[in-house]
Amino acid sequence: MRPPAFLQSALERDVRPVKVVTFKIDDKDVTAREDETILTVARQNGIFIPTLCHLEGLSERGACRLCLVEIKNVPRLAPACVTLPRQDMEVITTSERVQDYRKKILELILTERNHVCSVCVSNGHCDLQQLTVDLGLTHVHYDYLYPHHTIDATHERFSIDHNRCVLCLRCVRVCDEIEGAHTWDIMSRGILSKVITDLNQPWGTSETCTGCGKCVHVCPTAALTEKGKSVAEMTKRRQFLPYLQMMRKEERQ
Amino acid sequence: MSKTRVATTWLDGCSGCHMSFLDIDERIVELASMIELVYSPIVDTKEFPENVDVTLVEGAISSDADIEEIINIRKNTKVLISFGDCAVSANVPAMRNRFERREVIDRAYIENANNNNHAPYQNIPGLMKSARPVHEFVQVDLFLQGCPPPSEAIYGVLSQLLAGEYPDLKGKTRFGA
Ligand code: SF4
Ligand code: SF4
Ligand code: SF4
Ligand code: FES
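One line per chain: the protein sequences are W and V, in this order. Each residue of the first sequence is one higher than the one before, counting from -16 in my numbering. Each residue of the second sequence is one higher than the one before, counting from 2 in my numbering.
It should be emphasised that the hints constitute simulated quantities derived from the structure, not laboratory data. Heads up, a few of these hints could be off.
Mimicking DSSO-like on lysine-lysine, the simulated pairs with C-alpha atoms at most 30 Å apart in a straight line are [what the hints assert, rightly or not]:
1. Lys87(W) <-> Lys47(V)
2. Lys79(V) <-> Lys87(W)
3. Lys177(W) <-> Lys130(V)
Just so you know, these numbers come straight off a predicted model, no measurement behind them.
Please work from the sequences and hints to get the whole structure.
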C-alpha cells in the first residue's frame, strides 16, 4: 500500500532529497534542480532555444530535434528538452554548428510534406512558419519531395490534413495525457510515419474521440484544424493546458 | 554617375509580386531617377539585355522556356533575386506537382473551359513534370520571401542595394507574408 500523499512526499524528500546542480549556459552561471531539463533552465533564464514538439504541460517526446544544443566535450549534440544538466556542464546554444543543424532540420521538415503558407488556414499563426522567421530561414537547400498525402474531414467539426503534419505528436500526447481518450497514435516508420485515429480508421468513425478539440489547439501547424476556416483564419487557443494542470494539481493536494 | 541597370521578369507566377512592387507608391519616382529599367513585363524590350546589375525573378520554373530564360538571365545578371514565394519555394504553382501533367492540362483547358475545349499541345513551351524553385536551376543571390513580398521589403532591398549595402531582410518578410 502506498503511504498517504502528505507522508509520501515527506518520505521522498528525506530518502531522496532533490539535488541542485550548477552549470553554464552560454557562459552564464545557472542553477537547476537535477530533474529539470536544460530547456526548462534556459527558459527560466531568458535564453532562447527553439522548440517544436515541446509544449509546456505535456510530457516530453524529443521528436523534432529543433532544440539541439552543444555540450562542451561531448561530440554529439543533445536535445535540450530531454537532457538533464550535470554539475559543471557547459551548454552552448548559439554555436554555428547548432544553428546550422537546426536550420537543416527545419528544411527537412518543410520539404518532407507540402507546405504552402500563402494559402494555408494557419498562415500567420503557425509555430512552424514562426520558426523559419526565428531561425532566419529564407529558403531550403533540399529538394521538395511533394509527397501525396490525404485529408480526413470525416469528423463533424475538425479535420486533419497530413500535408501539414510535422509528426510532433502533441496531438497523441494531449489526447492521452490530458483528455484520457488516446484516440491518436502513430503508425509506420521513418518518412512513412503518420498519425492515425483509433485503428487507422476515419476520424469521424472513432469510438474513443470525445470531440473535445484539445488536439486541434495544441497542433503547431495547420494539420489539425476546425472546419470552416479560410486562409489565415485558424488561430489556436492553448490557455486550457496550464489552466487544467493547475486545477488538477490543486485537486490532488 | 551611370544608373543601375535593373530588370524584372515573371515566370510561373501570378504577377502579384510585380503589383506589390508598384505599391511602393510615390517612392517609385525616386527609384526611377536612380535606375534604368532595362527589361520587364512593363517595358517594351523583347530580348533580355546584357550586363544587368539586378534582376527580380517572380515565379517558379515550370516549363522548358522558363529554364532557358532563367539560364540566360543568370548569364547576364550580377545580382539575381528570387522575388516572392513562387520563385523561392515554388509555392502555389507547385500544388500541381502531385498530379500527372496530362491531368493538369485537361483540368485547365478542358474540364474548366466553357467553350473551345481542347488542350494546346503545339507551339507552346513544354510543361515540366513539376514546378520547382528558381535556385534549383541557377545560383540565386538573394531570397525575397512573401506572397507577395510586402512593398516595404521590396523597397528596402532595392534601396539598400542602390546604396551599396547588403540587404538585411530580417523581420521584413517571411513565407506567406
Ligand atoms: S502549416 Fe504553417 S508552415 Fe505549413 S503551410 Fe501552413 S502556415 Fe505554412
Ligand atoms: S478531439 Fe479530443 S478526444 Fe478527440 S482526438 Fe482530439 S484530443 Fe482526442
Ligand atoms: S497532427 Fe499536428 S499535433 Fe499531431 S503530430 Fe501532426 S503536427 Fe503534431
Ligand atoms: S523540442 Fe526538443 S526535440 Fe522537439
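Against the structure, the hints:
1. Distance hint between Lys87(W) and Lys47(V) is unfulfilled; the C-alpha atoms sit about 41 Å from each other, more than 30 Å.
2. A C-alpha spacing of about 28 Å is found between Lys79(V) and Lys87(W), which places the hinted pair at or below 30 Å, so the restraint holds.
3. A distance of roughly 27 Å separates the Cα atoms of Lys177(W) and Lys130(V); the hinted pair therefore holds under the 30 Å criterion.
Of the numbered hints listed earlier, the single one contradicted by the structure is hint 1.
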